[in-house]
Amino acid sequence: SAVISQKPSRDICQRGTSLTIQCQVDSQVTMMFWYRQQPGQSLTLIATANQGSEATYESGFVIDKFPISRPNLTFSTLTVSNMSPEDSSIYLCSGNSRSQETQYFGPGTRLLVL
Amino acid sequence: SQQGEEDPQALSIQEGENATMNCSYKTSINNLQWYRQNSGRGLVHLILIRSNEREKHSGRLRVTLDTSKKSSSLLITASRAADTASYFCATSQAAGNKLTFGGGTRVLVKP
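Just so you know, the protein sequences line up as chains A and B, in that order.
The working numbering applies: residue 1 is where the first sequence begins, and numbers increase by one.
The working numbering applies: residue 1 is where the second sequence begins, and numbers increase by one.
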């Protein structure tokens, strides 16, 4: 099974600033994803992080707000840009290989925007 | 949009009792996965059931899948206080692909 780490684990940010979250997987995975979990809610997919190319965003999420990079098979970043209090959420990355259906999640980054 | 709905939204039981929660989904799937989340932390993978499977067991967990009704259930037997958590189902339309989550069930196991 893949072990996934995220940095930072939590942060408190000011309105209008940006935060970059890092996700590191201990083994090569084909697929990496970023999810958002708003307070008291379930998880919603933000985008699929594609290696070496632009991420594939879900409806309601745009690259200007959530730029994503994936320079190699084991690392990805998600930036939350020009933050507002509505961006206060837990952001989770996940990954799996096509040969392994189980999708593993990182511990999440808890973001509070003031 | 959310694929699945979970029922009930919240469940409170005594230690030792069984806990059952249900998940419904709308489109055809390749597999369905159940996760546990403690106090807003990361998701712990519990069990995966493929669309051609009807039942799977893992320790005190039993999962069923009825593709004709587009529904799944998770049973936790002989619950413990440590089982207190939120439980989510998630479906994938292709192996290794993105997940669509249900709304979750908050389970409280009272000692």
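Hint data in this document are derived by calculation from the structure and do not stem from the laboratory.
Beta carbons: idealized from backbone N, C-alpha and C, even for Gly.
Just so you know, not all the hints are guaranteed correct.
To be verified - Covered stretches of chain B, going by a simulated chain A footprint (3 or more residues, C-beta under 8 Å):
id: 1; region: 21-34
id: 2; region: 37-43
id: 3; region: 85-95
id: 4; region: 98-106
As the list claims (entries may be wrong) - Here are a few chain A residues that sit away from chain B, every Cβ distance over 12 Å (derived from the structure):
id: 5; residue: Ser1
id: 6; residue: Gln14
id: 7; residue: Thr17
id: 8; residue: Leu19
id: 9; residue: Gly52
id: 10; residue: Thr74
id: 11; residue: Phe75
id: 12; residue: Ile90
id: 13; residue: Glu101
id: 14; residue: Tyr104
id: 15; residue: Arg110
id: 16; residue: Val113
Exercise for the section: Enumerate the violated hints, using their earlier numbering and listing them in ascending order. Expected result: Per hint list: 5, 12, 13, 14 and 15 violated.
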